[in-house]
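Each chain, letter by letter, is given below.
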Amino acid sequence: MNPLRTYVVFAALGFRRYSAYRLATAAGAFTNSVFGLLRAPITMAVIGAAGGELAGYGALEGATYAWLTQAVLTPVNVWTWNELALRIRSGDIAVDLARPVDLQMTYLAADLGRAAFQVLPRGLPPLLVGALVTGLALPTTVLPYVLGLISLALGVCVSFACRWLVNLAAFWLVELRGVLTLHMVAVGALSGLTVPVHWFPDWLARIASASPFPSMVQAPVDLLAGRVQGVEALGVIGVQVAWFLGVLLLGRVVLARGVRRLVVQGG
Amino acid sequence: MTEPIIDVVGLSRDFTVRAPAGRLRRTSRTVRAVRDLTFSVPEGAAVGYIGANGAGKSTTIKMLTGILVPTAGTARTCGKKPHRQRRELAREIGVVFGQRTQLWWDLPLHESFRALAAIHRLPSDRAAQRQVELVDRLDLGEFLDTPVRQLSLGQRIRGEIAAALLHSPRLLVLDEPTIGLDVLSKERLRGFLGEERAAHGTSLLLTTHDMDDVQRLTERILVVDHGQMAYDGTLAGLVDRVGAQRVVVVDLLGGAHGAGAEVGGGAGGAGQAGGRAAGVPDLHGIPGTALVAVEANGLRQRLAFTPGLTTAAEVIAAVAARATVRDVAIEEPDIEDVVRRLYLSQ
Amino acid sequence: MADLAPYRAVLSSRIRSQLAYRRSFALDVAGSAGVGLLEFLSVYVIFTNVTELGGLDFAGVALVFAFANLGFSLADIVVGHVDALPTYLRSGTLDAFLLRPLSVLGQLVTSDVQLRRLGRCAVGVAILAVALPQAGIDWGWGAALLVVAIPLVGAVIFAAVFVAAAAAQFWLVDGAEFTNAFVYGGSNAASYPTSVFTTPLRAAVTFVLPAAFTAYLPTLLLLGEPGPAWTPAWLGWFAPVAAVVAWVVALTGWKAGLRHYTGTGS
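Residue numbers (the numbering used here), protein chains in the order written: chain A, 2 to 268; chain B, 18 to 363; chain C, 3 to 268.
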């Protein structure tokens with residue numbers, strides 16, 4: 002079977018799996034909208050306190066930023082994900098590895114399928130509410146949206162690669178809760194989820210730019226909002242691609258190590 | 018006049034079941050799980066409550082213990098309305114669900130007892146004494162320190178029963194307690210329950226699929242079918258009405274080894290027809306049984322008997338007196354069969 | 003609440019088993035503290051760019067944040083376990099609760115306790131310790147009383163929100179996602195001065211879901227600030243009233259939910 006077609010099947014399965022949770026998706030969209038309702042005024046108040054403009058954000062741009070982060074956070078899946086870790090812990094991973102498909106790619110495909118399903122039902126409602134409540138400052142041309150969606154897909158990929166890597170700790174650690182929480186805290190702090198990375202003080206901005214986290218949320222939000230356009234946007238996408246490939250490759254290396262440890266230790 | 022320990026009048030319970038029909042709509046229909054049940058159990062009695070799966074047994078139990086509210090009719094347990102006086106009732110009854118646990122899953126068994134003693138406000142010396150008694154008679158000593166989730170089914174059930182009896186309730190309700198247990202465990206459990214009742218006069222309501230449970234533990238049977246009462250009386254009466262019989266299937270040893278067989282003991286001769294395996298008698302005329310089938314040239318024979326008139330043990334003993342028994346199996350009357358015959362007999 | 007012994011029996015087992023694994027417990031506490039610090043990071047970053055937000059300076063906003071967080075995490079430790087209700091409903095454990103001579107809510111709350119959430123508590127206390135001296139408070143017995151009372155009353159309010167959210171699970175399938183919007187949205191709204199919200203939203207987080215009573219309004223009293231239109235500072239004195247009302251609503255919802263459960267079966 003054409004390997005690409007195999008991965009498409011996995012993506013479709015990921016999509017279908019999440020489409021069954023209609024009620025949960027609706028509830029989730031409600032939560033996103035509520036959070037947008039709270040974060041947008043807070044963001045606007047900060048901008049107001051800064052004199053009406055802060056790091057290139059006016060009040061409306063600030064509100065748009067808040068609504069967009071709520072729209073993208075579900076597809077990007079910033080919260081804990083431990084499916085792989087559970088399979089490693091239970092030993093089921095051996096079954097997965099025995100299959101004639103690349104394990105990492107199948108998981109990536111499934112994750113993209115999930116994100117594809119969640120983009121519209123979780124992404125649009127907060128934007129609609131935002132448009133009604135505060136108004137949105139969105140681009141009027143097509144190109145930013147194209148680049149933005151590419152960036153969003155890459156954001157999902159970078160997020161996946163990081164979550165994959167973190168889950169691999171299950172090969173070495175018994176209790177994963179600490180590592181997962183640490184990862185969640187890092188993502189929450191550095192990805193631009195609650196305050197834009199562009200507002201960070203220098204020391205924190207340096208740490209953030211040395212990490213893949215802004216590529217998960219801040220990058221697609223910036224491009225979709227049209228804050229970063231043209232060649233600069235391509236630069237951001239390039240950074241995302243670089244982080245994605247880097248962490249992905251690291252994930253493959255660590256997986257091989259982990260598998261070897263499993264095989265050597267038996268079980 | 019002492020009040021009955023269970024008093025049910027016109028008890029009914031309906032459920033609304035919704036099923037998706039097409040993409041957006043859903044149909045709903047009403048399932049009448051329990052219909053117009055009326056019965057009364059005096060204090061100190063032991064009642065078996067039998068019926069096929071889905072006949073409404075568990076629903077009735079839930080209504081009697083306060084977990085579910087009836088749609089119509091009344092139920093009184095220990096003189097209380099179960100739903101209204103849930104907490105007072107809980108002090109006077111003990112309930113064991115065969116398939117669900119009331120113990121604390123990830124704690125050792127003795128912690129469950131400790132918690133229950135505190136919950137029922139048992140004075141510590143009385144609780145300790147009662148616990149020792151129960152642990153001893155149910156053989157719980159070896160796994161008192163094991164977390165409940167690591168116990169085998171038989172061990173867990175024994176633990177649950179001890180937990181249910183810790184506060185010496187007036188009424189013990191058992192919902193399918195022997196399901197999944199092996200024969201030996203079932204026997205021990207029945208023995209314990211019998212002794213407990215004799216010592217403390219505890220009333221017993223037992224739902225089961227197992228006719229042997231009913232025969233050993235109860236004096237009265239309620240048969241429920243599709244939510245309605247189909248029979249209320251003694252086991253003997255039921256058997257009489259329905260003719261439900263148990264079948265002992267014996268595999269006999271043939272050839273020279275059959276020489277150990279003795280002819281005799283029991284009315285009627287043991288004729289030997291031609292063509293049978295050497296030394297293997299036909300098992301005619303064992304008291305209380307009818308020979309219903311002879312297979313494999315007499316090496317396997319089926320004897321049907323009526324419970325109440327004789328027991329499987331007596332039949333096997335009688336067979337063993339006549340032939341060398343290699344293996345024994347007992348076939349029970351199917352509950353569905355019993356119920357079906359009940360209707361046919363009406 | 004005549005007899006706490008039965009609840010204590012199970013609770014002590016749970017506490018013992020959590021403390022038994024020293025190292026993983028320490029890691030859990032650290033993780034919970036990390037989450038608390040992360041949330042404060044947003045406030046910190048904001049104040050590297052501005053000097054006031056919603057009429058309060060950094061110390062003032064830090065106080066609001068810390069009081070809200072402390073109240074929330076205290077409630078989470080004591081009552082937080084009610085969010086296990088959907089699991090208990092599915093496993094039939096709720097029936098086991100009904101068969102015991104105890105209140106179902108009491109059993110649910112005490113069936114477990116998450117001590118690791120103390121980490122977040124500690125973060126709240128630490129922030130308070132640093133911000134209180136810098137907030138320009140007129141110290142006296144009233145102020146000291148407020149400092150102790152605010153997180154306690156806040157915890158009572160949050161606990162009521164948890165119970166109300168749990169009660170909703172009797173009707174909803176997979177309803178936790180939906181109620182999370184109110185529980186965590188409420189916590190978020192409580193951590194910031196509600197003066198940044200427009201009047202309708204501010205009214206919602208004050209009079210509908212009393213988030214403003216858990217921290218912002220009483221903190222205004224502490225700081226001697228007037229407060230925004232329609233929700234002035236003196237409302238802060240009514241925080242205990244808000245707590246009582248919240249509990250009346252929560253318990254009514256809980257009883258209705260339990261009635262629904264025993265009325266429709268599982």
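Just so you know, the hints here were simulated from the structure itself, not pulled from any lab data. These numbers were taken from a predicted model, which means no experiment stands behind them. Please note: incorrect hints may appear among the correct ones.
Unchecked claim - Chain C side only, calculated, beta carbon under 8 Å to chain B, not exhaustive:
#: 1; residue: Ser15
#: 2; residue: Leu91
#: 3; residue: Gly94
#: 4; residue: Arg118
All C-beta atoms in this analysis are idealised placements derived from N, C-alpha and C, irrespective of residue type, glycine included.
Hints, one by one, checked against the model:
{"no.": "1", "hint": "Ser15", "in the structure": "holds (5 Å)"}
{"no.": "2", "hint": "Leu91", "in the structure": "violated (12 Å)"}
{"no.": "3", "hint": "Gly94", "in the structure": "holds (4 Å)"}
{"no.": "4", "hint": "Arg118", "in the structure": "violated (17 Å)"}
In summary, the numbered hints that this structure violates are 2, 4.
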